[in-house]
Amino acid sequence: MNPTRPRAYRVFRFLCLVTALANAGGNVALLLFHEPLYRFLGVPPPSDRFAFAAVSGFSFSVGVLAFMIWRDPERSLNLLVYGAIAKGLYASFTFYFGFRGALHPFQIGFGVWDAAYTVVFLLFALHLASPDLARLNTGEVLPGGSVPRTRRALLLYHSLSGNGARAMQRVKSGLVAGGYAVDEDRVEPVETALFRFPFPSLWAFIRIALRAILRIPAPVKPLRTPPDHDHDLVVLECPTWFVGMSAPLESVFQDAASERIIDGRDIAVVNVCRGLWRRTQAMTVRWAELRGGRVVGVRACTNPGRDPMRTWSLFFFLAFGEPGRPRWLSPLLTDPHLSEESLDALEAFGHALARRPAISTSAARERRAS
Amino acid sequence: MNVASILRDALAPFEGIGAWLTLPPDNPMPGLILLSGFIVVCELVRFLLATELTRSRLVHVTVCLLTFAVQALVIAAVLAFAARAYPERAWVNLAYAAALYAVWWLAGMATRLARADTEGADVGFMSVGAVLTFGVGIIAALVV
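Going down the list, the protein sequences come from chains A and B. In terms of my numbering, the first sequence opens at residue 101 and continues consecutively. In terms of my numbering, the second sequence opens at residue 272 and continues consecutively.
Keep in mind that the hints were calculated from the coordinates and are not lab data. Please note that a few of the clues may not be correct.
[Unchecked claim] Far from chain A by the CB rule (all over 12 Å, computed), these chain B residues:
no.	residue
1	M300
2	P358
3	I410
[Claimed, not checked] Which stretches of chain A does chain B cover? Using the computed rule of at least three CB atoms under 8 Å from a CB of chain B, they are:
no.	stretch
4	216-224
5	228-234
6	313-319
7	335-349
Yeah, the Cβ is synthetic: ideal placement off N, Cα and C, and Gly gets one too.
With these hints in hand, go ahead and build the complete structure from the sequences.
Structure representation (structure tokens):
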């Protein structure tokens, strides 16, 4: 095993080997020696020998599957998902028939084992999914692409309540301090009567929420940035709306014309939210990549404070249109805007982006080849 | 033989599940284990899907529902169902529901073992779910 891998990776991989041996070896042993073993343990003999052999064969194949995962985990995400489903179903049936008194405790033990491995496989799949995002989220700023450095950056964002706009101003400060000239292009929805803050009505909020959940596009006004712009870096800021990208910013990407803004440029992604940022970040990064951008850095910023009060403070902020309301609750409410510490970190991010190295010639060649 | 009877026959081996979900006083464990497993899987699937299939509307709706609504509503439905079957247990069942929320929180925090860049359990939306679950549970306890 590679000692430079994270500890979690090594532990999960080891656990895959354990179940590979247990499933494959154990089922061969059971098929061959179940009669003396069951007699010794007091387990009733299988009432249906065909079903017993079929289940043993299936369980053996799951052992082979676990062995394949152990050999090459990075390419085994789908196998892990399949393994989790297989073990989850086996555990469920064992649990059901076990509680109905149809199984011996020895057989229930297999169900407990598989229930544990359902969790292990799902966690390992989670560990392996989107490794590029895991790397970006370490805070690293990757070398830029081969696009000529013009030292000009474009900030592309949509901010409803002002939280994101404030974040982008600090990224801009960092970029300017690093020697960049910065232009801004604020995404403006066509439906200005609906997408404004404070919300015109509760119904408007519900409509925005439902549209965000169902991912219904929000048409936007044409961007001011021309397709042949000379910015070498585009910084995208996207707030979380119901666990995903805000509809207006996603609409920009849903239009294939956005490729002319993004293609070939270095991209940085900033996400601003109450607390859930992973899906918004993944959506923004994947859209940027689809449109030809090279993502060099990401930052996800959450509002200060602890949940559950942070969530309820946001709800009250959205309902009243200003922080600190209702007044009688204000001592308990948290600030629905980014903290000064987060804003400082974003400024440092802007500075790091301005100083990002260019990709090496060999790496660029490798990238083109791939 | 109509579709309903075919389905009824197919599900006959699992007819005990409904009885388990009444959380019977003499043996509430099967129902609680079933719900715990369901909640753990919902939470882990939510985390797994968060970064995948990012342009799929179906996956996005699923992730939204798994953030709190599915789990909270299922526990609420079980509380109402159980209160109807065993009215004298309705208040005790609220304690079971609290234990299920603890399992939910643990499942969310366990994702941090797998990778550092996850949000962990979302106590904020869990609290919204708790309003639903315990609201229904308390009403059920009062009216039965």
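### Query
Which hint numbers does the structure go against, in order from smallest to largest?
Number 1 only.
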